[in-house]
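> What follows is each chain in one-letter form.
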Amino acid sequence: MNPQRAAWLFLAPALLVLGVFFLLPVIAALVLSLTDYDLYALANIHNLRFVALQNYWALLQRPLFWSALGHTVYFVAVGVPLSMGASLGAALLLNSPLAKCKPFFRTALFAPVVTTVVATAVIWRYLFNTKYGWMNYALNALGIHPVDWLGDPHWAMPTIILFAVWKNFGYNMIIFLAGLQAIPLDLYEAARIDGASSWRQFRHITWPMLGPTLLMVGILTVSGYFQLFAEPYVMTEGGPLQSTTSVLYLMYDEGFKWWNLGSASAVAFLLFIIMFAVTVLMLKLSRRGEHPDGAPA
Amino acid sequence: MNPRLAKALINGLLIGATMVALFPLLWMLSVSFMPPGGASALPPPLLPKHATMSNYRELFVHAGMSRYLLNSLLVSSAITVLSLAFNLMAGYAFAKLRFAGRERLFQALIGALVIPAQVAMLPLFLLLKYIGLVNSYAGVIVPGMATVFGIFLVRQYARGIPDELLEAARIDGAGEWRIFMQIVMPLLKPIMVTLAIFSFLAAWNDFMWPLIVLTGQEHYTLPIGLASLAREHAQDSELMMAGAVVTVLPVLLLFLAMQRYYLEGLLLGSVKG
Amino acid sequence: MNPAAAVHMRRRPVRGMLMACLLTCLTLLGGCTSSSSDDNALTFWTVGREGEAILKLLPAFERAHPDIHVKVQQLPLSAAHQKLLTAFAGGSTPDLSQLGNTWLPEMVALNALEPLQPRVDHSAVIKQGDYFASIWATNVIDGALYGVPWYVDTRLLFYRTDLLKQAGFDAPPRNWAEWRRMLATLSNPQRHTWGILLPTNEYEQLMSLALQQDEPLLRDGGRYGNFESAGFKRALEFYVDTFKLHQAPAITNVEAGNPWSEFGHGVYAFYLSGPWNIGEFRSRLPAAQQDDWSTAPLPGPTTAGIGSAGGSSLVIFRSSRHKEAAWTLIEYLSQPDVQQRFYDLLGDMPPRRSSWAGGALRDDPKARAFREQLENARPTPAVPEWERIATEMQLVAAQAIAGQLTIDQAAVEIDHRVDRILEKRRWVLDHPQAASGSAR
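In order, the protein sequences belong to chains S, E and A.
Residue numbering for the first sequence follows UniProt numbering, starting at 1 and increasing by one per position.
Residue numbering for the second sequence follows UniProt numbering, starting at 1 and increasing by one per position.
Residue numbering for the third sequence follows UniProt numbering, starting at 1 and increasing by one per position.
Chain S extracted, bound-state conformation:
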């Protein structure tokens, strides 16, 4: 018999799909990013020129790229810690032996995750409406001036971050919860006998035991948050004053609104490189953290 052949036949459909509709386009994107594929090339392929790294060079000189990158980094740098903090907090609450009705709370807190971004973004747009939104109504009750959440360039991104945290925290909460449940209970038992406070238990048992989970969740969340697109597309259309234009939004506009596919592919690859670098950096930093010399106090 020929088990090799059987294996390849089992693999063939999936590999074919991934090869033709993912791998091939990725390679093509790299090639495309070295050309000036644009409206004229769309009209007539003879208008296509090889431009080497010019797209990348031009992008690095474009203020819009840097501001889009800035907004994306802002979203990641503020959104990821907030999101993971909320997830961890919720998981700790759910893991507490004192919590009641755990399955209900777990389901309720997870519900936003399975909803459609577009639909919930529509809801948030109205919750944060300047005039009739609940958010400003609540602030007003506290005596705080209404905020033009989605209309003010300073507030639009924080509003989108709040939305993303609300939408996503349940996912990591489940993972953290599983991580917490995997910590042996006798560790806590021993700490309690030593008279350690809840905070010290968290600091010296929970946190280090969760370490690997935290790192993995962190990397996945960071790369997910770098791909910000649907939220600004629905909530602000990248505005006001392009203050919520993310890198992917720029790629979308550049590629499908203006049909500068060459330059848009360069945007996509730059994003990829940045995401890759950040992931490697996170892995490196975490390894240094594990090193005995740098042991946390």
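Heads up, a few of these hints could be off.
[To be verified] Examples of chain A residues toward chain S, derived with CB under 10 angstroms:
#, residue
1, His81
2, Glu387
3, Ala398
4, Arg420
[Unchecked claim] In silico negatives: residues of chain E with every beta carbon more than 12 angstroms from chain S:
#, residue
5, Ala51
6, Met53
7, Arg57
8, Ser66
9, Gln118
10, Ile197
These are calculated hints, taken from the structure and not from any lab test.
For every residue, glycine included, the Cβ atom is placed at its ideal position computed from N, Cα and C.
Given the coordinates of chain S, work out where chains E and A should sit on it, guided by the hints.
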């Protein structure tokens, strides 16, 4: 800390967090029954004074929502069925069939996970344009027919199948395909359910790719239709909320009915990775 | 394992593969058949608000032409450009479409549009001489006609007659000097009242001022920017000064919120905008205030009444298989009485003089300034890159408003950016052999 106080604090916080998580969804449901303009009042009303179905009627009669709903169902179901078949076969092969280069190939696939899907989107559009699949259901379905994540999930699960079981079947003269259909598939049922829910939810909620590849209204899926409505009818909040309900409710119900499988799969796909 | 089993095994996966392929093909087929269903309908794409109104005009058309069934797709304005281009790339363009006249050059560059001159020559309805000349001209690219103007748009002044009168001005401004005086009198930043609202993220206002100048905005056949010309700098200076003198707040249209009620409350005395706002002000301002506002031709450096020639045209796509039917619909929508009904429904102004000669438009005092200015409107440069150029122009102008750039620096910067945008166009124009494959 006083244990009773701690208990009250923890459960209080949980209730608070749950309210934050659910309030937007409940409010969406409530506003969707308000007459046009009903939500634009101060203080913002919690419940409709006179509940009305007019927003839903408007959506389905005039805004073409029934078409979007059917499109979403069709596209998501097709992606679910096809990707399930392809991922199962591939995941099983990676877990249980021996062939040269298996580990290296698998690692290459996992490595490909770091490439964001958007990198492929621009040339993929050109490719589909060349094949003639732009603005068709197939244009949305075809790229989703296999996923690295799905293959990975199946492989993780299928590794638990005892080799002796398969060997015994082989000795009995069963072909590989029959082994797969009659022995492996029944064992993989739990992961099939999980993967099916995952694929369906992901396909249902997908936004960027359908937005790019679907140009004609008649092919719009719900998220695209809703986003397009939201740009045209930004001021009709009640209508938009009804649209959001139609978009969210099916997946929410699916999740509620099958959450055990879904959450298990989520853990299998991440923690054990 | 015995050979029989091996054979057995070898065949079975093949059957599985076949099944999978079959399934795939079925889905693909499903996609294809449904995309080509409803084959005989005439597909018509509209952009923005026009879609709603057109649905009310169509029943009469379909009654008169029972063999033609029209399917309207409404594209949101902010997504329309992307949809049109992807539709072209994907070969799924509609039969006919509404097309903003600044987008026309792009579609022509793509060779996507059907030339219409032969049809116009034989038309009993569409008479070129009846159309405002500059609007018609925006549809002519390199000597060939690609669109029939559907409605027109030129930006001019909405103003509060009562506020001007209180300040001692009996008539709207006729030139920049008068305008500046009025703006100065009517602005009071301490009390949060301003002469005019010029949202810093809209390019139409500055563009209108720039088009009043004698110098063209691009030079050498659209190869280079001409924003360092004395004329553009004059327009930019006037524009930026309005902010520097605190006669307009430096805010975007998002921050401005509801401009109509603010105008009604007297926050702004002038508002530089287009025809659709006649309808907006009529419906949004209370009845008692309807006599307190009017419209006036846009003041220029010396005379008033020159502005941009904007609007939308109706175009037929080259790939359409229903060109005759599409043309029939275009002729129907071009009839003066239909255009008058269109105006009633939406406030979109007709591009033909005869459509203005009857109906609600004839005696509407608030439309008169538009009618006047349309005779002297000027088209924007007909290059595919125009919208990007205008967007960049405004981004730089916003920096000048913020005080980051002087007028001269801003002009240099705009030219710099525009020249970069036009690089590919220059190359294509200078290498005609490269483009010889196209039918242009």
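> Looking at the structure, which of the earlier hints fail to hold?
9, 10
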